[in-house]
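A.B. asks: This is what each chain is made of:
Number of protein chains: 2
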Amino acid sequence: MSTEPFSLAKPLARLIEELHRLPGVGPKTAQRLTYYIVRMPSEDARALAEAIIAVKEKTTTCSACFNVTDGDPCAICVDSRREGSQICVVEDPLDVLALERSGAYKGLYHVLHGAISPVNGIGPDRLKIKELVRRLEGASVEEVVLATNPTLEGEATAMYIYRLLQPLRVKVTRLARGLPVGSDLEYTDEITLTRALEGRQEFHG
Amino acid sequence: MSTEPFSLAKPLARLIEELHRLPGVGPKTAQRLTYYIVRMPSEDARALAEAIIAVKEKTTTCSACFNVTDGDPCAICVDSRREGSQICVVEDPLDVLALERSGAYKGLYHVLHGAISPVNGIGPDRLKIKELVRRLEGASVEEVVLATNPTLEGEATAMYIYRLLQPLRVKVTRLARGLPVGSDLEYTDEITLTRALEGRQEFHG
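Taken in order, these protein sequences are the chains called G and Y. Number 96 in my numbering belongs to position 96 of the first sequence; there are no gaps in the numbering. Number 55 in my numbering belongs to position 55 of the second sequence; there are no gaps in the numbering.
You may find that some hints are simply not true.
Because identical chains cannot be distinguished in the list, a pair is counted as satisfied if it fits within a single copy or across any two copies.
Lysine-lysine pairs mimicking DSS-like chemistry, simulated, CA-CA at most 27 Å apart [claimed, not checked]: (1) Lys58 x Lys10; (2) Lys28 x Lys130; (3) Lys58 x Lys171; (4) Lys58 x Lys28; (5) Lys10 x Lys106; (6) Lys10 x Lys56; (7) Lys10 x Lys128; (8) Lys28 x Lys106; (9) Lys106 x Lys130; (10) Lys28 x Lys128; (11) Lys128 x Lys58; (12) Lys171 x Lys106; (13) Lys106 x Lys58; (14) Lys56 x Lys130; (15) Lys171 x Lys56; (16) Lys106 x Lys128.
These are calculated hints, taken from the structure and not from any lab test.
Isolated chain G, as found in the complex (with noise of 0.2 Å):
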């Protein structure tokens, strides 16, 4: 960014500059969105930095699940419409959003903020996981339902959780593999078509 022009005015330079620190931001688009903001009507851009502050101020994790929220314990936590019984692990606040999306799941969440990875020198100490085991300590949980991403780092902290959890006597799941909805077989890496045969099911017509 120490190639701009000498001309850029300060606050113009410095909002470029801020902007391209967010991820996916590059220079190009972080000027393109500077020029906007320049545009935008005074409330509006207001109204975004008053977003900004708000997020930081007015967030917190939740005590037991860890998730992201405006209140402790979260809107998920305290809803009693929840299956309580079962807990699905995830590694991100971004997680639980997708899974909520779905529609598909009635349960509550436990985000662990990460996955252990070794290369990235970081255990399962830096994750939420003692607390997730203290939590199923105190609570009649029946199901946890590990949903990791499907990447070797999520395989390895599922796994780790998994033998972790063998003494609770506690049922542990997780998300099928197999063929993504709408995609074309012929296209479809190994290992993917590998855990779809794996986890063939009786086909009812």
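Starting from the structure of chain G, add chain Y where the hints point.
C.D. replies: Same frame as chain G, but now just chain Y:
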């Protein structure tokens, strides 16, 4: 965005919505950015919010060239090292940035803030064209470089300005059309090839 799960905390939903209003920021990107901001150190989030406010409060448009600036006249207009006899006419402030980055232009600018577009209801009156004519009448400008975009609208705008400037007997040029450097002749569209042929220049080996 109304399909968000009911359980999403208000401050999160609000920031997702505000970010989603920015150009090129879809709902997924808005979510990702929101959760990234949640995890940012507070001072970084505050710096971003303040930069947004500052860009609105501390910038204005230069009363000479209409570029976005933090002082009026802008740093380019007051720079005595710049060639005051040349004015380069561009559609947007971002075009000034692009030309400055090339380092190949040392004159002044005039930002139109758009292009003539009957389809979008943008006539010449909505652009800083009157201001350009007035500026040329008051100063000893020798060359006007038309650097509007090589699009239908940009070309129409250039043609309009060209005709308007005829009585002023100022030299009017425009950026060359031709092959972009690093491109492949085989994949160049016909219009660009036609312009490249029309604009061919004597080869000095």
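A.B. asks: A separate judgement is required for each hint: does it hold in the structure or not?
C.D. replies: Hint-by-hint comparison with the structure:
Taking the shortest alpha-carbon separations for Lys58 and Lys10, only the inter-copy value of 9 Å comes in at or below 27 Å, while the best intra-copy value is 30 Å. Taking the closest pair of Cα atoms, Lys28 and Lys130 never come within 27 Å of each other, the shortest separation being 43 Å inside a single copy and 31 Å across copies. In this homomeric assembly, Lys58 and Lys171 never come within 27 Å of each other (Cα to Cα): the closest approach is 36 Å inside a single copy and 60 Å across copies. In this assembly of identical chains, Lys58 and Lys28 lie within 27 Å of each other by CA distance solely across copies; the values are 22 Å between and 31 Å within a copy.
In this homomeric assembly, Lys10 and Lys106 come within 27 Å of each other (Cα to Cα) only across copies, at 21 Å, whereas the closest approach inside a single copy is 50 Å. In the homo-oligomer, the alpha carbons of Lys10 and Lys56 lie at most 27 Å apart both inside one protomer (26 Å) and across protomers (12 Å), since each shortest distance falls under that limit. Taking identical chains as interchangeable, the C-alpha atoms of Lys10 and Lys128 lie at most 27 Å apart only when they sit on different chains, with a minimum of 24 Å there against 42 Å within one chain. In the homo-oligomer, the alpha carbons of Lys28 and Lys106 lie at most 27 Å apart only across protomers (23 Å), although the nearest pairing inside one protomer, at 42 Å, exceeds that limit.
Only within a single protomer do Lys106 and Lys130 lie at most 27 Å apart by alpha-carbon distance; the minimum there is 24 Å, versus 63 Å between protomers. Taking the shortest Cα distances, Lys28 and Lys128 sit within 27 Å of each other only across copies (25 Å), while inside one copy they are farther apart (37 Å). Only within a single protomer do Lys128 and Lys58 lie at most 27 Å apart by alpha-carbon distance; the minimum there is 22 Å, versus 44 Å between protomers. When the C-alpha separation of Lys171 and Lys106 is checked against a cutoff of 27 Å, the pair qualifies only within one copy, where the shortest distance is 17 Å, while the shortest distance between copies is 72 Å.
In this assembly of identical chains, Lys106 and Lys58 lie within 27 Å of each other by CA distance solely inside one copy; the values are 26 Å within and 49 Å between copies. Taking the shortest alpha-carbon separations for Lys56 and Lys130, only the intra-copy value of 26 Å comes in at or below 27 Å, while the best inter-copy value is 47 Å. For the identical chains of this complex, Lys171 and Lys56 are neighbours neither inside a copy (37 Å) nor across copies (56 Å), given an alpha-carbon limit of 27 Å. When the C-alpha separation of Lys106 and Lys128 is checked against a cutoff of 27 Å, the pair qualifies only within one copy, where the shortest distance is 21 Å, while the shortest distance between copies is 58 Å.
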